[in-house]
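Engineer: Given the sequences, and given the hints that come with them, work out the whole structure.
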Amino acid sequence: MKLLTRTNIFFVGLTLIVFTLGGTVFYKTFRNITREDATERLQDEKTKILTYVSSHQSLPQNTISLGDTVAFYQVVAPATEKTGRTKFLNPSENEYEPYQTLEFNVSLKGVNYRAVIFKPLIEADDLQHAIFQAIAIVSLILVIVMVLANFAISRFVWKPFHRTLEKIKEFDLAKEGSVSFSKTSIKEFSEMNAVLETMTNKIAADYKNLKQFTENASHELQTPLSIIQSKLELMIQAENLSADQMEEVRVVYEATGRLSKLNQALLLLAKIENRQFVETKQVALNEIVESKLNAFEELIKHKNLSVERNIEPVTLQLHQTLADILLSNLIGNSIKHNIEGGRISIKLNKESLVISNSGGQISMLPHELFHRFRKASDASDSLGLGLAIVKEICDAYGFDIQYMYANMVHTITISF
Amino acid sequence: MKVLLIEDEKTLAESISLYLGQEGYICEVANGFIIGDEKVQVADYDCVLLDITLPGGNGLDILNNLKKKKPGAAVIIISAKNSLDDKVKGLDLGADDYITKPFHLSELNARLKSVIRRRSFGGGNEIIFNEIKVSPADAVVTVKEKSISLTRKEYDLLLYFLANTNRVVTKESIAEHLWGEEMDGIDSLDFIYSHIKNLRKKIMEKGGDDYIQTVYGMGYKFAKK
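Each protein sequence line maps, in turn, to chains E and P.
Quick note on this note's numbering: the first sequence kicks off at 3 and runs consecutively.
Quick note on this note's numbering: the second sequence kicks off at 2 and runs consecutively.
Treat the hints as calculated values from the structure; they're not laboratory data.
This one's a predicted model, so the numbers in the text were calculated from it and none came from an experiment.
Hints are supplied without guarantee of correctness; some may be wrong.
From the structure, some residues in chain E lie toward chain P, with a derived Cβ separation under 10 Å [stated by the list, open to error]: (1) A219; (2) E222; (3) E235; (4) I238; (5) A245; (6) T258; (7) G259; (8) S262; (9) Q266; (10) F298; (11) V411.
Note that CB positions come from ideal geometry on N, CA and C, so glycine has one too.
Structural biologist: This is the structure:
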């Protein structure tokens, strides 16, 4: 739910509560005021009647002029003054109407009379109705104003927030080192921006350090590896090694070779991630494809593979080495993971490169294929980094890469 | 043959100079930028093996200084950085070859021989091993004066063996020499074996001896029996 919707609902709800309560209070207050007013006026009338009685020595006959109804009846003993309320049927409207009453004693010529004045009050439902109507109109206006105000606030006051949000959405750790937000005079937003800026800068710095570390570590490993390898090479030249010793040296030598290749692959990955292959030039992909197929010729023949080429001349702005590695890994894979007598199909055009090869099903999810150290086969001489490197190269150039397996055919599609 | 090795990693320098010493080279070692720069200026070497990342300076500067003074000097760059830029820069400055760490000593040796050979007699000199004669300039191989025709890979393999005679050459180094990085992750032993079998057969067909010995599990040795 949008913040705006939520605040609007909140405002409308609050308005309803406030106005229900306010309306009730207003109603009660207004009713009390009219009642007090009626009581005061009844007292006035009482004074007038008593004055009339004492001056005229008769009960007033014409009471219509007072607007109220006055009734007199004889009583035996005077009772205390009493105010009250009662209802009478109004025949013209056929409904009960409320009256405020005042009963008091009138003494005329030694006879005790009880006088009752009936003062009509405003009808309760008339009052309620009027108040409800007024409140409803005011509420409606208020809600409309608030919703509109909210829209305006959201549009203008929240602008810096939305700008910041856009910036963060677009932020790519791998591409940008840091992020800077536009200035705002609103304290909360400028604080948020400052915090976000510090945070992203810290993350970016940590990320960079980490990547740098991988690269440096791999790099530093090269020299000791060179030393081990060279010492082993000298060792195997020795004439006096026993067969067992030779076998042990061989195992160490092979492991060193593997370690060295692994290290080179990791170094390459780190370099691509660190965007160190910046110098690009126009690279003819079709020529590289042909040269790779040439390089792999022996292997293709050995496995009895048939290669179907559908290659158009395509030139892209790439780094030569990366283009080379990309195609070498992909074509190499299509051969390595192929079956005896299988097929390879390479389609290259301006839009995409599609390499497919026959082969058995692999036991991993398609997206896992591009993860590091994921091996499709248990071939121990595979490092499991080839496709991770391919993916990294594609990411570096913004190419989309997809893997698909259907009917015993593995297909990798790169869309430029 | 005098070779100067400019390499700051002492243990590695030791291995290289030992291997090259066994090949009959006089190998001098310079462990830093300044001494290396000095040595190339004052003495003449058949080839300089130059590490790029040196304490105290960039090896490419030594190359630059050397080439200004002695444009004909032979240089092989050794680098821990597998960087195309360095490679291009180095070759542009006049280096003859470029090899990346970690490398096989047999590979370095083969490259060194090839560079010196190309330099010394304009590439016209022949490699002779008993009855086998290779003329690298026109890629002709003869056994007992009879020419044999080799495939590209067999020819490369033979040259590699001839550069490293009497030494165990590992199958890994052969694979890398013949196919470069392309064969990574592929069991190339079968391919090496079939090339060796063919090479041996072609030499023996013309009356040559079988010089290729198998060193079990490790690789091969090209040597007189």
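Engineer: Any hints from earlier that this structure breaks? Give me their numbers in increasing order, please.
Structural biologist: Those not satisfied are hints 1, 11.
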